[in-house]
Amino acid sequence: MAWISKKRLKETLKAYLFLAPFLAVFIGLVVYPIGVGFRLSLYGQRGARMWYVGFENYQRVFSDSMFWSAFRVPLFLLLVQVPLMLFLATMIAFLYETRKNGGPVYRFLYYLPYTIPGIVSGIVWSYIFSDSMSPLHPLLNLFGFQNVKLLTRGNVPGILLVIILWQFTGYTAFLIYSSLIAIPKEYSEAAQLDGAGMWQIAFRIKLPLLKGPLITLFIFNAIGAMQVFNEPWMLANLVVLPLNYTPAMYIYNSAFSQGRFTYASAMGIILAVITCGFSWYVLRSAGRQILGRRH
Amino acid sequence: MRRRSTSYIVFTVILVLLAAFFIFPFYWLTMGITKNVSQLFQKSLLPGRPSYLGDNVSKVFAYQNGVFFNWMLNSFLYATVGAFVSVFIASLAGYAFRRYDFIGKRLLFVFIIAFAMVPGFATTLPLFMLFRDVNILDTRWAVLLPSFVNIFAVYMMVSYWNQVEDEVFDAAAIDGANELTAFWKIGLPNIIPGFITLFLLAFVSAWNNFFLPLVVINSRARMPLILGITTITDPQGFPVYNLTLTASFFTILPLLILFVSLQRYFKPQMYMR
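Going line by line, the protein sequences match chains Y and P.
Quick note on numbering: this note's numbering labels position 42 of the first sequence as 49, and the sequence is numbered without any gaps.
Quick note on numbering: this note's numbering labels position 225 of the second sequence as 485, and the sequence is numbered without any gaps.
Note that these hints are calculated values from the structure, not bench results.
Simulated restraints on C-beta separations:
(1) Y:GLY165 x P:GLY326: 38 to 48 Å
(2) Y:ASN108 x P:THR266: 16 to 26 Å
(3) P:THR266 x Y:VAL112: 18 to 28 Å
(4) P:LEU277 x Y:LEU149: 11 to 21 Å
(5) P:VAL276 x Y:TYR23: 51 to 61 Å
Here are the computed lysine to any residue pairs in the SDA-like style, where the Cα-Cα straight-line distance is at most 25 Å:
(6) Y:LYS17 x P:LEU352
(7) Y:LYS218 x Y:ILE190
(8) P:LYS527 x Y:PRO90
(9) P:LYS319 x P:MET332
(10) Y:LYS107 x P:PHE526
(11) P:LYS319 x P:PHE329
(12) Y:LYS192 x P:SER267
(13) Y:LYS213 x Y:TYR118
(14) Y:LYS107 x P:VAL273
(15) Y:LYS21 x P:PHE362
(16) P:LYS527 x Y:TYR288
(17) P:LYS527 x P:PHE348
(18) P:LYS303 x Y:ASN154
Owing to the predicted nature of the structure, the values given are computational and were not obtained by experimental measurement.
A virtual CB, placed ideally from N, CA and C, is assigned to each residue, including glycine.
When you get a sec, could you build the whole thing from the sequences and use the hints?
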């Protein structure tokens with residue numbers, strides 16, 4: 008290997024010494040388990056007995072209507088909650104801009120729900136919508152709606168929408184606001200000289216410049232929607248939800264309530280492929296950006 | 261000063277209404293922990309009268325011979341150790357990417373990042389099987405070990421290290437410092453703010469991680485708070501709303517304290533900036 012200089016070999020050795028601890032846990036606890044999960048997915052199983060079946064589990068997943076109907080909630084979130092949240096967050100970010108220093112108090116208060124774990128959000132919101140404790144009932148009674156049941160199975164997607172909007176809108180608005188203040192002032196000043204109003208500047212000049220961050224945010228939230236688990240898991244304590252309410256719940260229940268590990272592994276791999284498909288665009292540009300900076 | 265226009269007032273009203281929406285669950289939770297179950301069922305927005313706060317707190321603390329304190333300690337252990345180890349080894353890895361032009365660099369980076377978006381469900385299930393084979397299921401290691409991997413931290417560390425100028429490392433080389441000293445004494449102080457930010461983010465995500473302990477922990481004494489509070493029931497197995505709320509309050513209190521006191525480190529982070 009004459010073409011690799013001695014210096015480069017030495018650098019390589021040193022680099023891998025620094026990388027060793029990370030690579031050990033990364034390979035041992037992420038890469039290898041995924042390999043194990045894939046191998047498991049190729050086995051049939053009854054109790055503790057397992058035998059090789061090739062891609063039979065995958066064939067069964069593809070024709071399992073329970074699996075595909077579990078995507079109804081993620082799809083609803085993807086098509087309704089995510090666009091709605093990005094719209095609201097962009098509006099909020101523009102509102103921040105009308106305040107002195109970007110309204111630090113508002114930014115702080117809106118960001119606060121993001122620090123709360125999904126489980127606790129699920130507990131508190133499920134109580135707020137529950138028949139026995141809801142503070143909304145007195146309000147509804149006031150408007151003449153007596154004995155309305157809020158926490159029904161049909162309302163769960165709407166309630167999930169409220170919970171997730173509550174958790175992530177402020178955080179998203181903060182991120183969009185950070186992108187907004189990075190836009191050079193000259194742009195809006197020039198437009199102002201041409202007689203453009205505040206909203207004209209916001210929509211005609213700033214919004215197009217937010218395209219990159221908004222696409223990234225859309226993809227991250229799409230991935231989150233595909234994996235939603237904690238909030239419906241907690242809601243299921245107060246309203247009966249089917250085992251396959253979301254893909255993640257179906258995977259968990261298949262493995263741990265029904266003991267179908269190998270089948271659950273196959274579903275896990277499919278869900279991983281779907282989410283990785285979503286993230287491919289972001290990761291590609293992220294990788295290009297960070298390594299392109301030097302060398 | 262400029263005249264406050266109508267639109268300014270309209271915007272203020274919108275912002276205040278939104279603030280009310282974002283604050284409301286915190287308010288309701290805080291009121292909720294002062295009530296017993298029958299007061300909760302009265303659906304009032306006011307604090308409980310008489311207040312059952314002390315009663316709720318002492319019942320949560322006394323629940324199952326004080327298992328709540330185990331949960332609290334476990335949460336602190338899992339979050340502190342997991343966050344520190346994962347961010348520290350990420351800083352070592354980031355240093356390697358910054359300092360050395362090594363064989364396989366680009367490929368390795370892309371390979372690592374490619375795993376960033378793999379959902380927890382895809383790894384947790386096989387980890388359950390692997391941990392069962394090596395008999396660490398239902399031990400603290402089963403929660404700690406997976407939290408040592410933080411791909412996002414590696415990514416961020418590469419960008420933090422990239423911001424450290426070459427001169428800093430050159431000066432270290434002239435001083436005859438070896439690589440480890442250069443990393444430890446000269447490099448690390450330069451990335452401390454980033455280190456703290458990543459530590460806090462990792463702390464919060466470990467504190468909030470529900471799925472992993474749900475799968476790998478069975479004994480109540482080894483559960484973290486986030487899992488423990490979902491198991492609170494009366495002896496007949498029915499939920500006890502006031503106790504669950506009180507325990508939830510104590511689960512988020514450390515997070516709120518961290519967030520309020522260290523606000524400047526909680527900058528929102530994204531993969532692409």
